[in-house]
Amino acid sequence: MAEIIADDKDLVVRLTPSEKIWGLHGDVRVRLSSVVSVASDPQPWLGLRGWRMAGVSIVGHAVLGTRRHGHGYDFCILHSDRPAVRVDLASGRFSRLVISVPDGVDPEAEAARIAALAGIAPSAPAGTG
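If you count by this note's numbering, then the sequence shown holds residues 1 to 129, one letter each, in order.
Hints in this document: simulated from the structure, not taken from any laboratory.
Some hints could be false.
[What the hints assert, rightly or not] Keeping only pairs whose Cα atoms sit at most 20 Å apart, straight-line, the calculated SDA-like set for lysine to any residue is: (1) K20 with A90; (2) K9 with R68; (3) K9 with S33; (4) K9 with D27; (5) K9 with I21; (6) K20 with V59; (7) K9 with A90; (8) K9 with S37.
Please take these sequences and the hints and turn them into a complete structure.
Pasting the structure below:
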């Protein structure tokens, strides 16, 4: 399962070897300063934008890789029905990262941790008012 870590001034999505193969992408590194919002997403499948550009997309099972939409590109690592963390970015290759959290990890706590690393307040969970 992908993990999100901080490395100096960067936020890094560290992928497993199988996620790298199926997602057709290596680890993703973005500047912490480009993070504009972070929210937990209990139903990330409902918020997917665009269409698959590189990687695999099997509805309800996995979305691994890059998606293209009218405003740019998103990078997604979704597994089955697991909740995710959504990270919106101001600059860089991707405008959004959507990453499933491992079993036993609270998505709201994970979003709060990432927001703290970026020096911002976490946003309300996706899908809420």
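Check the hint pairing K9 with I21 against an upper bound of 20 Å on the C-alpha distance. Judged against 20 Å, a Cα distance of about 27 Å means the pair is violated.
For the pair supplied as a hint, K9 and D27, confirm whether the alpha-carbon distance does not exceed 20 Å. At roughly 15 Å apart (the allowed maximum being 20 Å), D27 and K9 satisfy the hint.
So if I understand the rule, the pair passes when the alpha-carbon distance is 20 Å or less; does K9 with S33 pass? 8 Å, holds
Checking one constraint from the list: CA of K9 to CA of S37, max 20 Å. Satisfied? 17 Å, holds
Check the hint pairing K9 with R68 against an upper bound of 20 Å on the C-alpha distance. 26 Å, violated
Under the criterion that the straight-line Cα-Cα distance not exceed 20 Å, is the pair K9, A90 satisfied? 15 Å, holds
Are the Cα atoms of K20 and A90 separated by 20 Å or less? Violated: K20 and A90 sit about 24 Å apart, past 20 Å.
Within 20 Å, alpha carbon to alpha carbon, are K20 and V59? Holds, because 19 Å separates the two Cα atoms, which is no more than 20 Å.
Figure legend: structure checked against the earlier numbered hints; hints not met, in rising order: 1, 2 and 5.
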